[in-house]
Amino acid sequence: MVAKPVEQIDHVVVRFAGDSGDGMQLTGDRFSSETALLGNDLATFPDFPAEIRAPAGSLPGVSGFQVHFADHDILTPGDRPGVLVAMNPAALKANLADVPAGGTLIVNTDAFNERNLQKAGYGTNPLADGSLESYHVHEVALTSMTVEALKGIEGITSREAERSKNFFALGLMSWLYHRPVEGTLDFIATKFAKRPEIAEANQRAFKAGYNYGETSEDFAVSYEVAPAKLAPGTYRQITGNSALSYGLIAASKLSGLPLFLGAYPITPASSILEELARFKHFGVVTFQAEDEIAAAGAALGAAFGGALGVTTSAGPGVVLKSETIGLGVALELPLLVLDIQRAGPSTGMPTKPEQADLLMVLFGRNSESPVPVIAASTPSQCFHAAIEAARIALKYRTPVYLLSDAYLANGSEPWLVPDVSTLPSIAVDFATGPNEGDEFLPYKRDPETLARPWAIPGTPGLEHRIGGLEKADVTGNVSYDPDNHDLMVRLRAQKIAGIATDIPLLEVDDPDGEATTLVLGWGSTYGPIGAAVRRVRRAGHKVARAHLHYLNPFPRNTGEVLRRYDRVLVPEMNLGQLSLLLRAEFLVDAIGYNKVRGRPFPSSELADAITALVER
Amino acid sequence: MSDGNGHGNGGLAQLTAKDFKSDQEVRWCPGCGDYAILNAMQSFMPELGIAKEKIVFVSGIGCAARFPYYMETYGMHSIHGRAPAIATGLATSRQDLSVWVVTGDGDALSIGGNHLIHALRRNVNLKILLFNNRIYGLTKGQYSPTSERGKVTKSTPFGSVDQPFNPLSVAIGAEATFVARAIDTDKKELIDVLRMAAAHRGAAFVEILQNCNIYNDGAWDSVRENKGNRLYLRAGESVVWGDRGVRIGADGSAEIVPAGAEGLLIHDPGHTEPSVAFALSRLTFETVGAVPMGVFRDVVRPVYDDGIAEQIRDAKASRGEGDLQALLLSGDTWTVD
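Chains A and B, in that order, give the protein sequences.
Numbering-wise, the working numbering puts 247 at position 128 of the first sequence, and it's gapless, one number per residue.
Numbering-wise, the working numbering puts 261 at position 252 of the second sequence, and it's gapless, one number per residue.
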């Protein structure tokens, strides 16, 4: 057989799409792992419905997984897939609009029967009616070829044989892009170890797909994407929620405090609870509470006892924790609150990202109740964000909000694994004795940080009572004195504001210092904004960018940075929450770019918005 | 090291009730039943033989919730209804502590009902004292979830139409392993119950009948004033008071029979099956003219915090103490030169 030609390309965006039960997330995940091991830079975007098994073949049931990989560093999972693998008509219909003309469609023809076409709302078969003319269409009988390949395996039902078709598709894609296959074969063997016949079926389907690519005349060319030139070191792939989990474990090690997580299952935060529950040998206690309130309360109770108390949730759960966070503000105890934002209000769209909880976490408590807020920017950056949030909580004895979202939570990217010896110590000194003569005064503050002493139960001689009633300055006794209350309100505010001196300055990326427009973002828009800015610069424009990781307090040079530019564009997946804050605090005419679609910004769209402003 | 139940620490200098009095002025209304409970608790605490710093009182909101301020131990006055949740986090992460929750009928059974039942069914090592005065006192006299039907209060001028909770029935239904009742004015019996609650490893639930002399004075006079209406439950003894006794009927409920009748119930708080304890909890002054007091139920069941600690111990034993660098490098990795 004559070897098929191989074409070198610098990047590609692939989307796998099928029914929620088709195993698309697993397929995409494995394809990404193969890609990571090959050394490409990559970014992934799993996009799935909240329903576990929506009606088969229906449009709402379509689950997708997009992966962008390249021979250079990339910032996003890509706006539009160059290649779409569609396991059924609904998957084709739901995703086709995203595929640019000239794109490649790999379609499972076995699923294009009348019933499925009807369920997807197709009047005629798109494979036959000419509507796909502007695409390269590969019609592959994925299901029947899978079933054929699995003939003779004892102990699997015909349904189980059909279910292996995702591995056939994965095999085909692995051939098409020269992905290493050993990792997937090992993965299948391990994952299905309890049912060796299923393992064999999946491995055989995977190999059959790979071989089909090699032999079928339908695929004339295969593609290579060379490894990216990334900084030297050891890499792994990581999702945002895993990085948060590891960051919390690291914070526990670095502080020397046991990690206590109080959580109630909620999308898209649950995987942090599940991940941390595996690491009992790190001394991690995971408490699946009866509700969100108890989850936060237990974490605060553990913090009173000297643990690193953490509670995780998404918006609808975080609102329930507000009262506990307010108590944490009054008690001045460390508490980490992770809000993995999702589209709202109310239940909203549980699996879709949004950035609309910012004002809630800043202001969603009764009275003057300041809380530091940190936002993670990429999946791997979640690791450092968790350590930093813990550092601030422990040092300043305060609840701290850490914001992520569904895009970071489930998306993955290569991560240069840090050498743990380079991570900062965040050790804490508990109070061990009297701090005023032979007396212990629980609200006598450190003059520098304004933090109060943390005296944990079990420490002889420091018995004291704390609570939500206003406390007298220094002694911590209950006080209704008007001037004392005014003083305490101000002290609590000053303590949080003072953290500005203890965080990095806002860095500006403005290569030749001549830009007059600044793009300022926060949170998960980091990648899309970065990719958009690159496009704009490639087109010859000058634009500066900066990204806020600290939303309260802001870095102390924020106002100065904003005033340096004629125009400030603030893209947000909300209706302008950061813009509101910037306008209020710095009297800057921030221009919002706001889309609230439950999807990350396409960088092309952001690039257009930036260009329009730069050219104005 | 104590086991979190007030045992051990024998080398400690003998403490007295005075050692457990904080320097804070007690601010309950004069004549409030809470004074007697505080006094009983401070008298009882030295008997625990546990260092003050190992004891923590956690409360929610309400009159009873001021309790921690008056105890010279560690303490937290927290949020309405949430004390069991907060205390669960503390007790689970600090098994060396003796953690007490002080709550009221509104705090425990209304706004905090969910946390109460879950702390009980998990069997967290907490001692939960519910001061039941059948009224909202701190908010000045609205009816509570234990107020009797028809109760006229500021918020129910035409009488309450709510069916009240029976706190002990709720606790037993929530799989509590220790359930008892005492009354504020009977210091000896109260301390006996507290002693048994302290000795119970796991969640101990104690309802303390308490008089609010401002907003619901006399709520418990039927047993407070008339001691003959108290039915003291004694392990191993027949359940009798005066000339009457209790027998378990064919339908499983407690029936009242003459004290000399055959087949009288012999009280066994250690009986695993909760139905008899539940039947006893249904006896009220309104239905039978007596209120059972003492320990209804005291059974051994795995304790939540022990289970958590054991899993951590086992994981460390089998996998070794967690290695952070190894964790970060777990899974598929690749190296760029």
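I should point out that these hints are in silico values taken from the structure, not numbers from a laboratory.
All figures in this text were calculated on a predicted structure; none of them were measured in a lab.
Where a beta carbon is used, it is the ideal one built from N, C-alpha and C, also for glycine.
Honestly, I wouldn't trust all of these hints.
Stated by the list, open to error - Below are the DSS-like pairs computed for lysine-lysine, each with C-alpha atoms no more than 25 Å apart in a straight line:
#1 B:K61 <-> B:K30
#2 B:K61 <-> B:K236
#3 B:K236 <-> B:K30
#4 A:K563 <-> B:K61
#5 A:K563 <-> B:K30
#6 A:K714 <-> A:K212
Stated by the list, open to error - Okay, the calculated bits of chain B under chain A, using three or more residues with CB under 8 Å as the criterion:
#7 84 to 92
#8 322 to 328
Unchecked claim - Partial list, derived from the structure: chain A residues whose beta carbon lies under 7 Å from chain B:
#9 A369
#10 F379
#11 A396
#12 G552
#13 N693
#14 A731
#15 R735
Going through the hints against the structure:
Under the criterion of a C-alpha separation no larger than 25 Å, the hint pairing B:K61 with B:K30 is consistent with the structure, at around 11 Å. Using a Cα cut-off of 25 Å, the hinted pair B:K61 and B:K236 is violated, with the two alpha carbons roughly 34 Å apart. Under the criterion of a C-alpha separation no larger than 25 Å, the hint pairing B:K236 with B:K30 is inconsistent with the structure, at around 30 Å. The suggested pairing of A:K563 with B:K61 holds, with an alpha-carbon distance near 22 Å, which does not exceed 25 Å.
A C-alpha spacing of about 23 Å is found between A:K563 and B:K30, which places the hinted pair at or below 25 Å, so the restraint holds. Restraint check: the Cα-Cα separation between A:K714 and A:K212 comes to about 23 Å, which is no more than 25 Å; the hinted pair holds. Figure legend: the stretch 84 to 92 of chain B, annotated as covered by chain A; annotation consistent (6 residues with Cβ-Cβ distances under 8 Å, at least 3 required). With 5 residues bearing a CB less than 8 Å from a CB of chain A, the stretch 322 to 328 of chain B meets the requirement of three and the coverage assertion stands.
Restraint check, A:A369 versus chain B: the minimum CB separation of about 6 Å is within 7 Å; hint holds. Interface restraint check: A:F379 against chain B, minimum CB-CB distance 5 Å, threshold 7 Å, status holds. At its closest, the beta carbon of A:A396 sits 10 Å from a beta carbon of chain B; the interface hint therefore is violated under the 7 Å criterion. For A:G552, the interface hint is violated, the least distance from its beta-carbon to any beta-carbon of chain B being 12 Å, above 7 Å.
Annotation: A:N693 was flagged as interfacial toward chain B, and the flag is violated, the nearest CB pair being 29 Å apart, outside 7 Å. Using the Cβ-Cβ criterion of 7 Å, the hint placing A:A731 at the interface with chain B is not satisfied: the shortest such distance is roughly 38 Å. Checking A:R735 against chain B by beta carbon gives a least distance of about 42 Å; that is not within 7 Å, so the hint is violated.
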